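Engineer: For reference, the chains in residue letters:
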Amino acid sequence: MRYLARRFAFYVVTAWAALTLNFLIPRLMPGDPVQALLSRFRGRLDPRATEALTAMFGLNDESMWSQYRTYLVDLTKGDFGLSFTFFPTPVSTVILDSLLWTIVLVGVSTVVSFAVGTLLGIVAGWRRGTRWDHLLPITTFFSSIPYFWFGLIVLFVLSGELRLFPLAGGYSSWLSVDFSWPFLSSAFKHAVLPGLTIVVASVAGWLIPMRNMMVTTMSDDYVVLAEAKGLSPRRVMLNYAARNAILPSVATFTMSLGFVVGGAVLTEIVFSYPGIGNTLYQAVINEDFPLMQGIFLIITFVVLLANFLADLVYVWLDPRTRVEA
Amino acid sequence: MAVQAVAGATPEPAARPEAVAARRSWFAGLRSAKTITGLAILGVFVVAGAFGPMVWRTDPSALSDDVLQPPSGAHWFGTTQTGQDIFAQVLVGTRVSLLVGVTAAVMATVLSLIVGLTAGYVGGLTDELLSALANVFLVIPALPLVVVLAGYLPTRGSLTVAVVISLTGWSWGARILRAQTLSIRRRDFIEAARATGERPARILLFEILPNEMAIVASSFLFTIVFAILTQAGLAFLGLSDVTTWSWGGILYWAQNNQALQSGAWWWFVPPGLCIALIGTALAFVNFGIDEYVNPRLRVRGFHPRKSRRVRRTAPKQVVQDAGAAGDVLLEVTGLRVDYGDGPNAVHAVDGVDLVLRRGEVLGVAGESGSGKSTLAYAITRLLRPPGQVVAGEIRYWPTSAGPVDVLKMSDAELRAFRWAQLAIVFQSAMNSLNPVLRLREQLGDALIDHGPGMTPGQRQKRIAEVMTMVGLPTDRADAYPHELSGGMRQRALIAMALVLEPDILVLDEPTTALDVVVQRQILTKIMNLREQLGFAVVFITHDLSLLIEVADRIAVMYAGRIIETSTAKQLYEAPRHPYSDGLLHSFPLLHGPRRVLTGIPGAPPDLRLRSAGCAFQPRCTQAMAACTTTIPLLSATNLPTEAPDHQVACLLYQDGEGR
Ligand code: SF4
Numbered sequence: 001m002r003y004l005a006r007r008f009a010f011y012v013v014t015a016w017a018a019l020t021l022n023f024l025i026p027r028l029m030p031g032d033p034v035q036a037l038l039s040r041f042r043g044r045l046d047p048r049a050t051e052a053l054t055a056m057f058g059l060n061d062e063s064m065w066s067q068y069r070t071y072l073v074d075l076t077k078g079d080f081g082l083s084f085t086f087f088p089t090p091v092s093t094v095i096l097d098s099l100l101w102t103i104v105l106v107g108v109s110t111v112v113s114f115a116v117g118t119l120l121g122i123v124a125g126w127r128r129g130t131r132w133d134h135l136l137p138i139t140t141f142f143s144s145i146p147y148f149w150f151g152l153i154v155l156f157v158l159s160g161e162l163r164l165f166p167l168a169g170g171y172s173s174w175l176s177v178d179f180s181w182p183f184l185s186s187a188f189k190h191a192v193l194p195g196l197t198i199v200v201a202s203v204a205g206w207l208i209p210m211r212n213m214m215v216t217t218m219s220d221d222y223v224v225l226a227e228a229k230g231l232s233p234r235r236v237m238l239n240y241a242a243r244n245a246i247l248p249s250v251a252t253f254t255m256s257l258g259f260v261v262g263g264a265v266l267t268e269i270v271f272s273y274p275g276i277g278n279t280l281y282q283a284v285i286n287e288d289f290p291l292m293q294g295i296f297l298i299i300t301f302v303v304l305l306a307n308f309l310a311d312l313v314y315v316w317l318d319p320r321t322r323v324e325a
Numbered sequence: 001m002a003v004q005a006v007a008g009a010t011p012e013p014a015a016r017p018e019a020v021a022a023r024r025s026w027f028a029g030l031r032s033a034k035t036i037t038g039l040a041i042l043g044v045f046v047v048a049g050a051f052g053p054m055v056w057r058t059d060p061s062a063l064s065d066d067v068l069q070p071p072s073g074a075h076w077f078g079t080t081q082t083g084q085d086i087f088a089q090v091l092v093g094t095r096v097s098l099l100v101g102v103t104a105a106v107m108a109t110v111l112s113l114i115v116g117l118t119a120g121y122v123g124g125l126t127d128e129l130l131s132a133l134a135n136v137f138l139v140i141p142a143l144p145l146v147v148v149l150a151g152y153l154p155t156r157g158s159l160t161v162a163v164v165i166s167l168t169g170w171s172w173g174a175r176i177l178r179a180q181t182l183s184i185r186r187r188d189f190i191e192a193a194r195a196t197g198e199r200p201a202r203i204l205l206f207e208i209l210p211n212e213m214a215i216v217a218s219s220f221l222f223t224i225v226f227a228i229l230t231q232a233g234l235a236f237l238g239l240s241d242v243t244t245w246s247w248g249g250i251l252y253w254a255q256n257n258q259a260l261q262s263g264a265w266w267w268f269v270p271p272g273l274c275i276a277l278i279g280t281a282l283a284f285v286n287f288g289i290d291e292y293v294n295p296r297l298r299v300r301g302f303h304p305r306k307s308r309r310v311r312r313t314a315p316k317q318v319v320q321d322a323g324a325a326g327d328v329l330l331e332v333t334g335l336r337v338d339y340g341d342g343p344n345a346v347h348a349v350d351g352v353d354l355v356l357r358r359g360e361v362l363g364v365a366g367e368s369g370s371g372k373s374t375l376a377y378a379i380t381r382l383l384r385p386p387g388q389v390v391a392g393e394i395r396y397w398p399t400s401a402g403p404v405d406v407l408k409m410s411d412a413e414l415r416a417f418r419w420a421q422l423a424i425v426f427q428s429a430m431n432s433l434n435p436v437l438r439l440r441e442q443l444g445d446a447l448i449d450h451g452p453g454m455t456p457g458q459r460q461k462r463i464a465e466v467m468t469m470v471g472l473p474t475d476r477a478d479a480y481p482h483e484l485s486g487g488m489r490q491r492a493l494i495a496m497a498l499v500l501e502p503d504i505l506v507l508d509e510p511t512t513a514l515d516v517v518v519q520r521q522i523l524t525k526i527m528n529l530r531e532q533l534g535f536a537v538v539f540i541t542h543d544l545s546l547l548i549e550v551a552d553r554i555a556v557m558y559a560g561r562i563i564e565t566s567t568a569k570q571l572y573e574a575p576r577h578p579y580s581d582g583l584l585h586s587f588p589l590l591h592g593p594r595r596v597l598t599g600i601p602g603a604p605p606d607l608r609l610r611s612a613g614c615a616f617q618p619r620c621t622q623a624m625a626a627c628t629t630t631i632p633l634l635s636a637t638n639l640p641t642e643a644p645d646h647q648v649a650c651l652l653y654q655d656g657e658g659r
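If you read the protein sequences in the order shown, they are chains S and U.
Counting from 1, position 157 in the first sequence corresponds to residue 157 in UniProt numbering; the numbering is continuous, with no gaps.
Counting from 1, position 483 in the second sequence corresponds to residue 483 in UniProt numbering; the numbering is continuous, with no gaps.
The hints are simulated quantities; they were obtained by calculation from the structure and are not laboratory data.
Since the structure is predicted, the reported quantities are computational estimates derived from the model, not experimental observations.
Glycine included, each C-beta is placed from N, C-alpha and C at the ideal position.
Each hint should be verified, as a subset may be incorrect.
To be verified - Computed from the model, here is a short list of chain U residues facing chain S with C-beta under 8 Å:
1) Ile275
2) Ile424
3) Ser428
4) Ala477
5) Tyr480
Unchecked claim - Covered stretches of chain S (chain U as the covering partner; in silico rule of three or more C-beta atoms under 8 Å from a C-beta of chain U):
6) 73–81
7) 92–103
8) 196–202
9) 210–217
10) 224–234
11) 303–317
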């Protein structure tokens, strides 16, 4: 499991890099943004918030190094500071309230999009030169559409005009959040359109590379040999070509996921979904910097975790990574 | 230089005719419908962004009384809630968005070039650190990072936004450029440049960079799309200066004024469509680049279920030739294989006749590019476009019934015929085994798909049987290919080929990758198995002297034709064709006295240039005047003592032309 150990170490380093970046950004920005921020907020904020802000951005004359230490220690306690918008709620609480919504919505949409895109990519690669080739330009177009623009149009047409789906939110506001049937079905109904938006906009990101890998793999000797063996086309397509062609897709999951997350953030805003993207929007319009930074960190951590899961899948799919060195 | 990059990126040896045909059409990729559409759309946007605002002189910010007007002659895209002209906004937006996109992409590409080239070229610790840096940036989700960065910015003008975007968008390019640099650095011409002490900067700029242009271009275009989309997202969030008209800025105002809800679709739709169109256009251009970098993507119109068949009206059962003896197993007549169509087609196999009898070893010898491997692919019907059989018959005689033309079999018939009657062992054992399946599965799946109701137990028994037969320990059945040595892999392939007890075994250079001792062992094994099981072998190799030892009969190929055929013994004792003669002297015999290696001067023929005379003439030491004008045909020689089955295609042995 050396492979996984190496990957894990890499994620730890990345997490640390993200933490440090998060620490440095407000301190290294040109024009002393923190000072400007404080003066902008003076009078608007609770004095305790100003104090918290002062501490957070290290304006209390501590050395950079001791600020950094305090910052790391606070983070290990899950202390991301206090949110301005929802003062005096801690950032961590605000994030926790919305995190699950996002994880479920984006998680499910990503899995669906990956499955659909990969399957279509397999078939499109296998049936190259047939009508399946038309999938490429169509999905390319959809993948170039900004998520939020597509979401707004879908929202306008399907919810606004046709009234098929709810207009906003994650569930009907009169319901209490629990695992009852009315709540779950309402949550599902609210999730369909944002989920659809994410799937439609991201599916090409899996489809096109998968199709190209299929085409490349199909000229590999082992696929030609499988054909020479007179195996059923299904077996050649799935066990030989697709089984190998999918590996790069899983290996580059990282990059594709980054795009999906970015798009999903904007999608949530459009649908006023109670997830973390929408919270980020609230933070942005209220200039709630502790919340913004906390969200950045949390999204990064969740993405790292998802990547590690992808690595596990990769190890499971490719025996060559299991070599004990 | 650019073409070199392609050759380097492909695993196919350059000498293969299919590679030649594919290379010739590299720019066909750039001319494909998609690429042209992409370039055209791109052109329209560039022109609109550059000159549009000068021609359409309406001030995008000017207010007017035409409030929320739908598209009309005066306002092509209608107006906003304050009567601003949306078309003017979109034109300026095109300029702004493209500028942001290109600026960010230029900066990101420069960054990724610096990091990628340095990491790949310098290697060592520098490489480790830079790669880690790139990977870290790749994993951190870009949009939230950009949002945080932009949040702190004192000014949020277009240039600042472009800088921020480039800071998050360089890592992917850096990663692939590093990989590419690493692989180019190991090539001969770079090693040579380094050895002569050329300055690293020079090598990077003039030797390595030109070879990476396709990848740089591709990642550049990709980054433009990323930047335009990110900028639109930022503007939509209100995080960039929304008083400059960018596409995202227009959307910001449209959304904040409830454009869709008030029915003003013309306000909301055009900017989004522009983004989608430019993204599609750039992706289309990238498809062209992909096809340029990866030639396998270039070939069109292929999927294995509908492999091409020679269209002919003749009945499936070929009338048995009166002269055909009962022991003929496979008979190839007049086989021609072309790569490509029309006047540019390369004749890789040009009218080949062969007979394989039951239980015999037929050797086919030739250099790479002689068409011998293409012949093997044609016989097994594994040719892929642009390769296609254009003429000929391949008749297979089953023991009981009359002959069947392999080329006319339906897909189902072909599947049933394959492996059960004819199995093949490819050159490279490593590449022929599926890397992610256990040996057991790869040995057993043919049994499942061909097997008439074998129980799992019987299958396992058969797998163990064939493994023992080829000398593989049966406990290796659960190994993956990468866990086996080269020799074991080759044995596994042979075991695989024997699993259904075929009549014919085609060996395509089966041992070239192995060292001489293992090579020897495996050949002996195959020959012993042949005696035991009685299958016939078509042995394809460049090593004529090896064939002399193991084959019953030999056909020597040159430039797509058989130029000499005879029994192994006659060929060894009296090779007639100057080429066979040369070949026999270019390889040492595995056993027996070492000969002086003379080799054959000159390069293998370029199949694209069809000569009017003997294809071997440019390299032939005995060429005569007639050799440039007359194509010699394969026929019995005019030597009175020659055996009648010794045939040669050389004018030296034909009446009227001989000396
Ligand atoms: S035909 Fe002429 S050129 Fe060709 S091999 Fe014979 S002698 Fe040489």
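Engineer: Given alanine 477 of chain U as an interface hint, is the shortest Cβ-Cβ distance to chain S below 8 Å?
Structural biologist: violated (14 Å)
Engineer: So, as I understand it, the hint says isoleucine 275 of chain U touches chain S; can you test that by seeing if any CB pair is closer than 8 Å?
Structural biologist: holds (6 Å)
Engineer: For the segment 210–217 of chain S, does the count of residues with a C-beta closer than 8 Å to a C-beta of chain U reach 3?
Structural biologist: n = 3 at 8 Å, threshold three: holds.
Engineer: Within the assertion that chain U covers the segment 73–81 of chain S, do at least three residues meet a Cβ-to-Cβ distance smaller than 8 Å?
Structural biologist: violated (count 0)
Engineer: Mind checking, does the segment 224–234 of chain S have 3 or more residues with a CB under 8 Å from chain U?
Structural biologist: It holds: at least three residues are needed, and the segment 224–234 of chain S offers 10 whose Cβ sits within less than 8 Å of chain U.
Engineer: Within the assertion that chain U covers the segment 92–103 of chain S, do at least three residues meet a Cβ-to-Cβ distance smaller than 8 Å?
Structural biologist: Coverage by chain U is violated here, the residue count being 0 at a Cβ distance below 8 Å.
Engineer: Given tyrosine 480 of chain U as an interface hint, is its Cβ closer than 8 Å to any Cβ of chain S?
Structural biologist: Interface hint status for tyrosine 480 of chain U: holds (4 Å vs cutoff 8 Å).
Engineer: Taking a Cβ-to-Cβ distance below 8 Å as contact, does the segment 303–317 of chain S have at least three residues touching chain U?
Structural biologist: Holds, because 4 residues of the segment 303–317 of chain S bring their Cβ atoms closer than 8 Å to Cβ atoms of chain U.
Engineer: Let me know if the C-beta of isoleucine 424 of chain U comes in closer than 8 Å to any C-beta of chain S, holds or violated.
Structural biologist: Since the shortest Cβ distance to chain S is 5 Å, the answer is holds.
Engineer: Does serine 428 of chain U hold up as a contact with chain S if the rule is Cβ-Cβ below 8 Å?
Structural biologist: Result: holds, 6 Å to nearest chain S Cβ.
Engineer: Per the coverage rule (Cβ-Cβ under 8 Å, at least three residues), is the segment 196–202 of chain S covered by chain U?
Structural biologist: violated (count 0)
The earlier numbered hints that this structure contradicts are 4, 6, 7 and 8.
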